[in-house]
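So you can see what is in the structure, the chains are spelled out below.
Number of protein chains: 2
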Amino acid sequence: VRVELINTGSELLLGQVNNTHLPWLAQELFTLGLRLQRQVTVPDGPSIREAIVEAQSRADLIIITGGLGPTSDDLTRDYVAALLGRPLVLHDDIWQKIQARFRARGWETPAMTRVQAMVPTGARVLANNYGTAPGLLLEENEQIYVLLPGPPRELKPMWTEQVLPWLREHRPVAPLHQKLWHVLGVGESRVQELVEEPLRQLGALEIGYCARPGEVDLRVISPDAALLERAAMLVKEKLAHLITSEGTASLETTVIRLALEKKRLIATAESCTGGLVAHRLTNVPGSSTVFHYGWVTYANEAKGQELGVPPEVINQEGAVSEACVRAMAQGALGQSRAHVAIAVSGIAGPSGGTAEKPVGTCWLALADAHEVITAVHRLSSDRETFKFMASQQALNLLRQWLEKQ
Amino acid sequence: VRVELINTGSELLLGQVNNTHLPWLAQELFTLGLRLQRQVTVPDGPSIREAIVEAQSRADLIIITGGLGPTSDDLTRDYVAALLGRPLVLHDDIWQKIQARFRARGWETPAMTRVQAMVPTGARVLANNYGTAPGLLLEENEQIYVLLPGPPRELKPMWTEQVLPWLREHRPVAPLHQKLWHVLGVGESRVQELVEEPLRQLGALEIGYCARPGEVDLRVISPDAALLERAAMLVKEKLAHLITSEGTASLETTVIRLALEKKRLIATAESCTGGLVAHRLTNVPGSSTVFHYGWVTYANEAKGQELGVPPEVINQEGAVSEACVRAMAQGALGQSRAHVAIAVSGIAGPSGGTAEKPVGTCWLALADAHEVITAVHRLSSDRETFKFMASQQALNLLRQWLEKQ
Numbered sequence: 033v034r035v036e037l038i039n040t041g042s043e044l045l046l047g048q049v050n051n052t053h054l055p056w057l058a059q060e061l062f063t064l065g066l067r068l069q070r071q072v073t074v075p076d077g078p079s080i081r082e083a084i085v086e087a088q089s090r091a092d093l094i095i096i097t098g099g100l101g102p103t104s105d106d107l108t109r110d111y112v113a114a115l116l117g118r119p120l121v122l123h124d125d126i127w128q129k130i131q132a133r134f135r136a137r138g139w140e141t142p143a144m145t146r147v148q149a150m151v152p153t154g155a156r157v158l159a160n161n162y163g164t165a166p167g168l169l170l171e172e173n174e175q176i177y178v179l180l181p182g183p184p185r186e187l188k189p190m191w192t193e194q195v196l197p198w199l200r201e202h203r204p205v206a207p208l209h210q211k212l213w214h215v216l217g218v219g220e221s222r223v224q225e226l227v228e229e230p231l232r233q234l235g236a237l238e239i240g241y242c243a244r245p246g247e248v249d250l251r252v253i254s255p256d257a258a259l260l261e262r263a264a265m266l267v268k269e270k271l272a273h274l275i276t277s278e279g280t281a282s283l284e285t286t287v288i289r290l291a292l293e294k295k296r297l298i299a300t301a302e303s304c305t306g307g308l309v310a311h312r313l314t315n316v317p318g319s320s321t322v323f324h325y326g327w328v329t330y331a332n333e334a335k336g337q338e339l340g341v342p343p344e345v346i347n348q349e350g351a352v353s354e355a356c357v358r359a360m361a362q363g364a365l366g367q368s369r370a371h372v373a374i375a376v377s378g379i380a381g382p383s384g385g386t387a388e389k390p391v392g393t394c395w396l397a398l399a400d401a402h403e404v405i406t407a408v409h410r411l412s413s414d415r416e417t418f419k420f421m422a423s424q425q426a427l428n429l430l431r432q433w434l435e436k437q
Numbered sequence: 033v034r035v036e037l038i039n040t041g042s043e044l045l046l047g048q049v050n051n052t053h054l055p056w057l058a059q060e061l062f063t064l065g066l067r068l069q070r071q072v073t074v075p076d077g078p079s080i081r082e083a084i085v086e087a088q089s090r091a092d093l094i095i096i097t098g099g100l101g102p103t104s105d106d107l108t109r110d111y112v113a114a115l116l117g118r119p120l121v122l123h124d125d126i127w128q129k130i131q132a133r134f135r136a137r138g139w140e141t142p143a144m145t146r147v148q149a150m151v152p153t154g155a156r157v158l159a160n161n162y163g164t165a166p167g168l169l170l171e172e173n174e175q176i177y178v179l180l181p182g183p184p185r186e187l188k189p190m191w192t193e194q195v196l197p198w199l200r201e202h203r204p205v206a207p208l209h210q211k212l213w214h215v216l217g218v219g220e221s222r223v224q225e226l227v228e229e230p231l232r233q234l235g236a237l238e239i240g241y242c243a244r245p246g247e248v249d250l251r252v253i254s255p256d257a258a259l260l261e262r263a264a265m266l267v268k269e270k271l272a273h274l275i276t277s278e279g280t281a282s283l284e285t286t287v288i289r290l291a292l293e294k295k296r297l298i299a300t301a302e303s304c305t306g307g308l309v310a311h312r313l314t315n316v317p318g319s320s321t322v323f324h325y326g327w328v329t330y331a332n333e334a335k336g337q338e339l340g341v342p343p344e345v346i347n348q349e350g351a352v353s354e355a356c357v358r359a360m361a362q363g364a365l366g367q368s369r370a371h372v373a374i375a376v377s378g379i380a381g382p383s384g385g386t387a388e389k390p391v392g393t394c395w396l397a398l399a400d401a402h403e404v405i406t407a408v409h410r411l412s413s414d415r416e417t418f419k420f421m422a423s424q425q426a427l428n429l430l431r432q433w434l435e436k437q
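Residue numbers (the numbering used here), protein chains in the order written: chain A, 33 to 437; chain B, 33 to 437.
Treat the hints with care, as some may be off.
What the hints assert, rightly or not - Think about it this way: if two alpha-carbon atoms lie no more than 20 Å apart in a straight line, the pair counts; the simulated SDA-like pairs of lysine to any residue are:
no. : chain 1 : residue 1 : chain 2 : residue 2
1   : B       : Lys-436   : B       : Arg-289
2   : A       : Lys-188   : B       : Gly-381
3   : A       : Lys-389   : B       : Ser-320
4   : A       : Lys-188   : B       : Thr-417
Stated by the list, open to error - Quick list of simulated restraints, FRET-style, between CB atoms:
no. : chain 1 : residue 1 : chain 2 : residue 2 : range
5   : A       : Pro-207   : B       : Arg-369   : 56 to 62 Å
6   : B       : Ala-258   : A       : Pro-382   : 32 to 38 Å
7   : A       : His-123   : B       : Gly-217   : 26 to 32 Å
8   : B       : Arg-156   : A       : His-123   : 53 to 59 Å
9   : A       : Pro-197   : B       : Pro-197   : 49 to 55 Å
If you're looking for bench data, these hints aren't it; they were derived computationally from the structure.
Virtual Cβ for every residue (Gly too), placed ideally from N, Cα, C.
Using the sequences and the hints, build the whole thing.
So, in structure tokens, the structure goes:
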């Protein structure tokens with residue numbers, strides 16, 4: 033089954049929004065045993081028609097996102113109806129539902145929303161419980177067309193609750209198996225040197241590498257589950273402690289899972305990461321059980337007042353120093369009565385660097401009841417990448433500590 | 033000039049990474065007066081060749097990202113060389129530079145990295161100061177090919193410092209003008225109702241709408257700068273206070289800019305957003321001047337200990353209540369001696385909701401020396417979207433307050 037994805041929307045090609053549908057749908061398809069073979073982004077307008085015609089010549093399943101809204105640049109519904117020769121007719125239930133949604137919010141129903149209740153003849157309507165535009169599913173010449181609304185919080189439940197079960201029933205395929213490891217501390221070519229040859233000797237595996245800020249991803253895919261298990265054992269043996277997390281589990285998910293398992297409370301004291309470590313931890317459901325206290329002590333005064341960093345430490349060593357992160361971590365541990373506290377202080381840039389402490393310098397400290405561990409890194413000089421890489425190092429220290437408990 | 037972008041990498045089609053090149057390059061191209069007409073993502077392997085052949089039939093400028101690394105799945109360089117009939121030759125300077133990079137880190141140079149020093153005959157080499165793989169620029173039959181490495185922190189400076197100046201010199205085009213507004217508080221069709229007709233009467237403008245979590249984007253494009261100025265005046269008149277920020281400026285950039293202009297210190301007291309408000313503020317260079325103190329009081333005890341929220345408020349009203357956010361904001365204001373403090377407490381889910389306070393409920397408070405303003409919203413029930421929408425509301429309250437100063 034060849035699958036292609038068409039994302040419509042001029043905003044995507046103007047760079048005004050990220051395409052979050054691609055990664056999400058790709059992962060969803062994979063769980064069905066389907067690999068996305070190609071993705072194309074086209075602007076609102078006639079290019080949508082072109083892209084559909086091209087996909088028709090290759091694909092068995094064509095997924096199209098966006099262009100189902102009520103405004104003048106929403107044209108996907110019209111093009112698909114015309115290409116498949118299926119005239120649009122008003123679907124009265126949908127129209128009632130759209131009007132009810134507006135009434136519930138106390139708004140009048142704009143006349144232009146009526147176009148969203150127009151359905152190509154013979155199409156299966158995918159109900160939208162989170163917005164006005166319904167999705168559509170059509171079959172023609174053994175090809176399947178799935179039209180989904182652009183907003184992710186409308187698209188995702190529609191896929192999960194309606195498209196996924198339909199595909200499982202109508203297009204069952206043999207599952208694919210995949211393992212993914214996130215590796216911190218060595219480069220991409222070193223990862224390949226460590227694992228590729230031994231993996232090749234095991235059998236026919238698809239192996240992929242991807243260098244990212246703060247990590248390298250290693251991916252192994254096979255239809256043979258037993259072979260993949262042997263590959264996983266080999267990878268864990270070769271990379272061992274360099275692996276920070278597995279699969280779709282992010283580093284923060286791993287940290288929260290370990291903290292829940294081991295019943296340990298975490299506290300954060302952030303300067304340069306400015307709340308990102310806390311934000312990543314609190315993205316994980318259940319984090320409130322193990323994360324109670326976080327400080328964003330962005331100013332030196334705040335480090336003193338909130339975490340008890342002595343003024344002489346900052347005066348003599350500076351805020352970006354081993355002594356400062358040590359005091360921050362100890363202060364956060366004491367104030368929060370957590371089992372472990374992580375502190376980060378660095379120079380995110382673009383300004384603030386010196387010859388001795390250039391932009392990208394990052395000090396970290398981890399404190400528990402017994403000791404304080406510190407580390408220093410020279411990370412990226414791009415502000416947002418720096419913050420992310422610093423948060424990676426902080427979360428990784430927490431992971432290593434939790435694994436030893 | 034027709035521009036197409038080819039992003040290579042199986043990890044993109046497996047959903048393991050976001051395509052951040054697309055939005056970034058799209059915005060860069062626009063500043064040159066170039067519109068990206070199509071973007072395609074293909075997996076590592078022969079599909080790269082297919083995509084290049086297709087783009088050759090349509091485009092004047094073809095940008096290809098990824099597949100220049102040292103590992104076995106990096107094939108872009110080979111395909112382009114073969115398609116254009118340009119044999120690969122070893123570029124000694126690059127090879128020396130690659131070896132020097134490894135030596136500087138105290139690592140041995142893996143033999144496989146030598147392939148990155150192979151250059152198609154006649155290609156212009158784009159130096160990579162942040163990694164090992166150089167980029168390449170080729171001209172053939174009036175078409176331009178630009179090959180860039182996948183990692184963003186290598187691609188971005190290479191584009192800005194080398195490709196951009198080359199394009200400005202060799203392919204000058206008439207500039208395009210664009211205005212973009214971010215609108216909070218009404219739906220997409222309401223935005224169209226308010227502005228579309230009057231804009232159409234002004235002249236030939238390209239108008240686009242995009243509904244996103246926590247905002248609607250309105251975009252107007254024209255080659256006529258004076259017409260666009262008139263359009264901008266009209267939009268500001270019609271949407272007025274609904275506009276939260278303009279252009280590529282994010283809401284947090286607007287907040288920090290206003291705080292710097294008006295010399296006002298901001299403090300944050302976060303529960304449900306878990307550090308996201310502080311993280312967004314500290315993404316903006318210069319934020320350290322106006323943001324000194326932030327608290328992530330995720331547990332009730334932390335709200336009491338750090339911000340002085342009285343236990344009876346939490347016992348009687350709950351942590352997600354007007355009384356609680358009011359006390360949090362006042363506590364943060366007092367502790368930080370800032371001019372304004374924002375507090376957020378809500379139910380991010382997936383659990384923790386009740387009939388009275390369902391998942392998605394969010395209370396906010398803004399405190400200054402004179403008063404406390406509060407607001408309650410029912411936001412998304414998806415955890416990460418909820419956090420983002422709550423941070424939008426918090427930053428928007430700060431923006432409104434700052435504008436009145």
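Results of checking the hints against the structure:
1. Of the pairs offered as hints, the one joining Lys-436 of chain B and Arg-289 of chain B holds, with about 14 Å between alpha carbons and a cut-off of 20 Å not exceeded.
2. In summary, the hint linking Lys-188 of chain A to Gly-381 of chain B is supported, as the alpha carbons are separated by about 17 Å, within the 20 Å threshold.
3. Under the criterion of a C-alpha separation no larger than 20 Å, the hint pairing Lys-389 of chain A with Ser-320 of chain B is consistent with the structure, at around 18 Å.
4. For the suggested pair Lys-188 of chain A and Thr-417 of chain B, the alpha carbons sit about 12 Å apart, so the restraint of at most 20 Å is met.
5. Distance hint for Pro-207 of chain A and Arg-369 of chain B: a CB-CB separation of about 59 Å, consistent with the stated range 56 to 62 Å.
6. Checked against the given bound of 32 to 38 Å, the beta carbons of Ala-258 of chain B and Pro-382 of chain A, roughly 35 Å apart, stay inside it.
7. Checking the proposed 26 to 32 Å range against His-123 of chain A and Gly-217 of chain B shows it holds: the Cβ atoms sit about 30 Å from each other.
8. Range check, Arg-156 of chain B to His-123 of chain A: Cβ separation about 56 Å, and the 53 to 59 Å hint holds.
9. Restraint check, Pro-197 of chain A to Pro-197 of chain B: a C-beta distance of roughly 53 Å satisfies the suggested window 49 to 55 Å.
The structure fails none of the hints (numbered hints given earlier).
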